[in-house]
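> Please construct the entire structure, taking both the sequences and the accompanying hints into account.
Chains A and B, in that order, give the protein sequences. Here the UniProt record's numbering is used: the first residue of the first sequence is 1, the next is one more, and so on. Here the UniProt record's numbering is used: the first residue of the second sequence is 1, the next is one more, and so on.
Some clues are possibly wrong.
[What the hints assert, rightly or not] Below 30 Å or equal to it, Euclidean Cα-Cα: the simulated DSS-like pairs (lysine-lysine) are: (1) Lys10/A - Lys518/B; (2) Lys160/B - Lys10/A; (3) Lys534/B - Lys10/A; (4) Lys677/B - Lys94/A; (5) Lys68/A - Lys534/B; (6) Lys534/B - Lys94/A; (7) Lys92/A - Lys561/B; (8) Lys68/A - Lys518/B; (9) Lys518/B - Lys92/A; (10) Lys569/B - Lys10/A; (11) Lys677/B - Lys92/A; (12) Lys68/A - Lys677/B; (13) Lys677/B - Lys10/A; (14) Lys94/A - Lys144/B; (15) Lys561/B - Lys10/A; (16) Lys783/B - Lys719/B; (17) Lys518/B - Lys94/A.
For the record, the hints were derived by calculation from the structure and aren't laboratory data.
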Amino acid sequence: MAGLPRRIIKETQRLMAEPVAGITAIPDEQNARYFHVVVAGPSQSPYEGGLFKLELFLPEEYPMSAPKVRFMTKIYHPNIDKLGRICLDILKDKWSPALQIRTVLLSIQALLSAPNPDDPLDNSVAEHWKTNEKSAIDQARQWTQLHAKSNSVNSH
Amino acid sequence: MVDLAKEAFSTNNFRLAADIYERTIRENGPTSELFLGLADSCARGGNFAKAFESYKIAYRYGKVTPEKLKHLVVGLIDTVKQDLTNSGSQQITKRSCMFTCGLCRGLLADPVTVPCGHTFCRKCFEKDKSKSCEVCGIVHYRLKLRNLNSNVILTNLIDKWFPNECKASSLKKAGNDYFTKGEYINAIKVYTEAIEMAPNDHLLRSNRCHAYASLDRYEDALADAELVIQLRPDWPKGYFRKGCAIYGLGCYEDAAVAFLQCLALDQKVSSAKDYLSKALDKILSALPSDDPKAEALQQRSNPTLLQQLIEENFSSPLLLPNISSTLSNLAKIVKDTINTASNFSQEPTPQLMVAPGEPSLSLNEGKVKNDIDRQNACQESKLKETEVQEYLSEKLRCNSLPDCSLVDHLEIKKVTKPRSHSPLPPSPVSRKRLRNPSTAQIPLSPTRSSPQKVLKSTSNSSASDKSLSPLTAAVAEPAFPTHMKPEQTNIEDLECGLCYRLFFEPVTTPCGHTFCRKCLDRCLDHTVTCPMCKGNLAEYLAERRQAVTDAIQCIMETYFKQEYIERCKINDEEMIELARMGSDQQSEIPVFVCTLTFPTIACPLHIFEPRYRLMVRQCMESGTRQFGMCLPSSDNDNEFSDFGCMLEIRDVQYFPDGRSVVDTKGGRRFKVISRGKRDGYNTAKVEFLSDKPIAPEDTQSVNALQIEIHAMINTWLSKLPSSHNARIRQHFGVLPELDTSFSFSVNGPAWAWWAMAVLPLDSRVQMAMLGMCSLKERLIALKKIVEYMNRRGSR
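Following this line, the structure appears as structure tokens:
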């Protein structure tokens with residue numbers, strides 16, 4: 001297999017040099033295509049105060065195909081399922097090779113601020129969100145307290 | 001008779017037309033119209049001496065309007081064009097520019113890159129109704145300008161590198177608004193302000209010149225026009241402006257020369273043609289020498305060369321002007337213009353200096369050099385007159401040639417010195433330049449320090465000092481302040497948003513985004529939208545555009561030379577790696593996993609999967625034109641079979657949506673040693689297979705065997721329904737003939753592979769036979785199969 005493409009090297013360098021506020025992404029020591037990501041829950045969202053661990057993997061065809069991203073920390077969100085899989089258009093059919101790790105992580109951060117129960121991945125959570133938004137948000141806040149507090153980052 | 005002459009004229013038989021007119025004049029007596037016809041015929045036929053003479057007579061016999069001189073104008077323009085071809089300096093094809101619009105030659109404003117890769121101001125291209133590219137001549141019939149977005153990279157670079165010029169450009173717009181409202185004084189005020197910000201912008205001066213001329217301030221207009229020409233000797237409109245100013249001043253001969261200079265550079269400027277015929281009309285309707293008013297004509301101040309010549313010639317007692325020498329000198333002036341223009345490659349230089357390293361040095365040098373050259377040039381232009389006069393007096397002394405023949409041009413050539421206006425340091429021509437046709441047009445840099453020139457400029461320094469107007473002196477000063485702003489040249493400004501490297505073969509989409517061609521091609525394999533803005537690129541893909549964005553290419557070669565050379569190296573290495581595929585036992589081959597193919601057998605493929613589109617493109621670009629074909633594997637460990645066959649690409653036909661039909665033919669067989677991946681498709685290290693040589697004692701028996709099986713296959717074919725037979729012929733052709741030279745071949749006889757491809761065999765059997773390296777064994781196996789088939793068929 002050929003060495004790491006220059007694009008991935010550059011992206012990594014730039015992520016380190018100018019990190020995005022509220023996001024850290026550190027490449028794995030063994031595999032430069034695998035990133036350990038931590039996203040801080042956006043303020044004024046039920047995830048505020050939480051630190052969410054994610055894994056991001058750049059497949060062989062990257063940037064022709066999208067990075068694979070998954071939440072490692074449990075999160076109560078209509079577009080994220082129990083396995084941490086994310087329903088986000090730019091990770092699927094709306095992917096463009098001009099997007100990058102940085103833009104993907106920013107989009108995920110934005111998804112936490114603006115859950116979209118009309119395009120759900122976890123139907124029960126989405127249903128909860130649609131029928132009783134306040135209760136759903138409370139639940140999300142509880143889960144954040146339970147699973148995403150800085151010192152007790154759980155993975156499943 | 002006249003009808004006959006007209007007919008001859010209309011069929012370009014000018015000599016015959018002239019003869020008929022002459023005879024008619026002899027027979028019917030002179031009229032203005034007949035002489036005009038004769039003159040036109042002579043002018044179009046290239047005999048200007050006689051043409052001018054006849055025009056003069058036509059004017060004497062009656063009223064001639066400027067419109068009637070159109071054939072003279074056409075003839076003159078033709079001569080100028082011919083001169084270009086003769087002198088070999090036909091290179092008026094405009095060379096590549098960086099920040100300059102190919103149409104207005106000014107700093108690009110709202111740059112749009114058209115499909116041929118050349119960039120123009122949106123306004124300029126909008127105005128050009130021909131829809132043809134001024135630089136390369138390609139006509140973009142279907143181009144809709146409103147569907148083209150501005151080139152993002154160039155817009156950003158110009159904003160960043162030319163802040164003052166951008167401000168001046170907005171002032172220019174304000175000035176243009178005043179101008180259209182007829183407020184010329186206000187317009188001049190704003191233009192002047194803008195000129196202070198961007199003293200080297202010829203468009204500002206050209207516009208101010210126009211405004212001056214509109215106020216009948218022709219002296220001021222002329223001064224501006226001269227400067228326009230000095231700044232942009234390759235810009236036709238500068239000469240037009242000059243012509244208009246001189247025309248306004250009443251010096252029609254000079255004006256005619258200027259208009260012809262304009263037309264020499266661009267034959268399409270109709271307003272210049274109109275003015276040229278008006279000026280010629282004034283010249284021709286000038287009073288004959290026996291008229292007392294002629295003296296007033298001669299006393300005109302500041303008589304220039306052409307004027308002198310024409311007056312001298314026209315005022316000769318017999319009214320037999322020796323126009324030939326006039327014309328040859330006219331041609332010389334025009335040719336000088338063209339030489340200057342084609343040697344000229346003025347590009348605006350951004351207001352930035354690279355770090356005190358080497359690049360800045362060369363830039364500085366270029367600039368100083370440029371200034372010197374420019375000074376030289378303007379001294380030279382002043383010298384030109386005396387020079388030509390010397391030449392002319394010599395010419396007159398020994399002039400015996402009836403027209404401006406080749407000899408004249410040869411002599412003129414000796415006098416004409418190449419002039420240098422190139423502000424850029426001569427860049428070492430990289431391999432890329434040679435490879436790229438658009439940049440290969442760059443003319444040879446003219447000799448910089450011809451001893452003649454140095455001699456002239458020193459010996460005539462006093463004269464040139466006088467002639468340097470304050471304005472000229474101002475321009476000779478360094479054009480741009482040399483700030484130390486190394487951070488302004490940021491390589492990231494010219495980075496592809498897909499591979500994060502410096503552009504290589506940058507292409508620009510209709511939506512204005514630039515990528516490396518190969519990067520964009522790969523994206524389009526997956527989806528036909530712009531990776532940046534998701535704009536639809538279906539049309540772009542269908543047209544299979546390949547043209548490199550010339551401006552960006554030049555900027556990289558000029559301002560990021562080192563990096564660009566590095567980038568070329570990387571690309572070359574990648575290509576070498578691709579080209580090496582399959583060339584030796586140790587290298588990997590690309591593998592198409594689809595079906596089984598056999599040596600010599602044709603195999604058409606429909607390519608639609610993104611990874612295989614890339615694979616085929618890489619095969620074509622690297623020149624290997626071949627890849628391996630394997631069968632999908634049933635076992636879980638391996639994606640594809642252990643044996644396969646190379647396919648040689650014979651032809652690729654593309655569909656508008658990027659799919660393609662590839663016509664291939666089977667080549668060498670191989671055994672897979674190990675499997676890999678590359679850019680999303682499979683690769684394999686392989687061992688190529690070839691048949692063991694046949695022992696001499698076996699030759700006879702093998703030959704007998706092959707004759708037998710060949711016959712058996714024919715039998716089998718004859719028993720097939722005719723529709724089957726037809727389909728087989730359509731796909732695989734007819735059964736190849738017996739091959740008697742089989743004992744030397746790597747793959748054995750072609751007919752045997754044909755049989756294996758045609759016979760309804762299980763792919764495992766086919767695979768096993770593909771891997772057999774003994775012809776004899778393969779034939780025996782084949783015999784068993786055909787025997788079985790024939791038996792079954794007979795039952």
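> What's the verdict on Lys677/B and Lys92/A, does the C-alpha distance respect the 30 Å limit or exceed it?
Between Lys677/B and Lys92/A the Cα gap is close to 23 Å, so the pair holds against 30 Å.
> Would the pair Lys92/A and Lys561/B pass a check requiring their Cα atoms to be no farther apart than 30 Å?
With Cα atoms ~39 Å apart, Lys92/A and Lys561/B exceed 30 Å; violated.
> Next pair to validate is Lys534/B with Lys10/A; report whether the Cα-Cα distance is within 30 Å.
24 Å, holds
> Given the hint that Lys68/A pairs with Lys518/B, does the C-alpha gap stay at or below 30 Å?
At roughly 25 Å apart (the allowed maximum being 30 Å), Lys518/B and Lys68/A satisfy the hint.
> Keeping to a limit of 30 Å between CA atoms, is the pair of Lys68/A and Lys677/B held or broken?
Answer holds: Lys68/A to Lys677/B is near 19 Å, not above 30 Å.
> Tell me if the straight-line CA distance from Lys160/B to Lys10/A falls inside 30 Å.
24 Å, holds
> Holds or violated: are the alpha carbons of Lys518/B and Lys92/A at most 30 Å from each other?
23 Å, holds
> Given the hint that Lys518/B pairs with Lys94/A, test it: the Cα-Cα distance must not exceed 30 Å.
Holds, at roughly 21 Å.
> Given the hinted pair Lys94/A and Lys144/B, is their Cα-Cα distance within 30 Å?
28 Å, holds
> When you check the alpha-carbon spacing of Lys561/B and Lys10/A, does it fall within 30 Å?
21 Å, holds
> Quickly compare the C-alpha distance for Lys569/B and Lys10/A to 30 Å and report which way the hint goes.
Since the Cα atoms of Lys569/B and Lys10/A sit roughly 19 Å apart, the hinted pair holds (cutoff 30 Å).
> Can the restraint linking Lys677/B and Lys10/A be considered satisfied, given a maximum Cα separation of 30 Å?
Measuring from Cα to Cα gives roughly 23 Å; hence the hint holds.
Hint 7 from the earlier list is the only one contradicted by this structure; the remaining hints agree with it.
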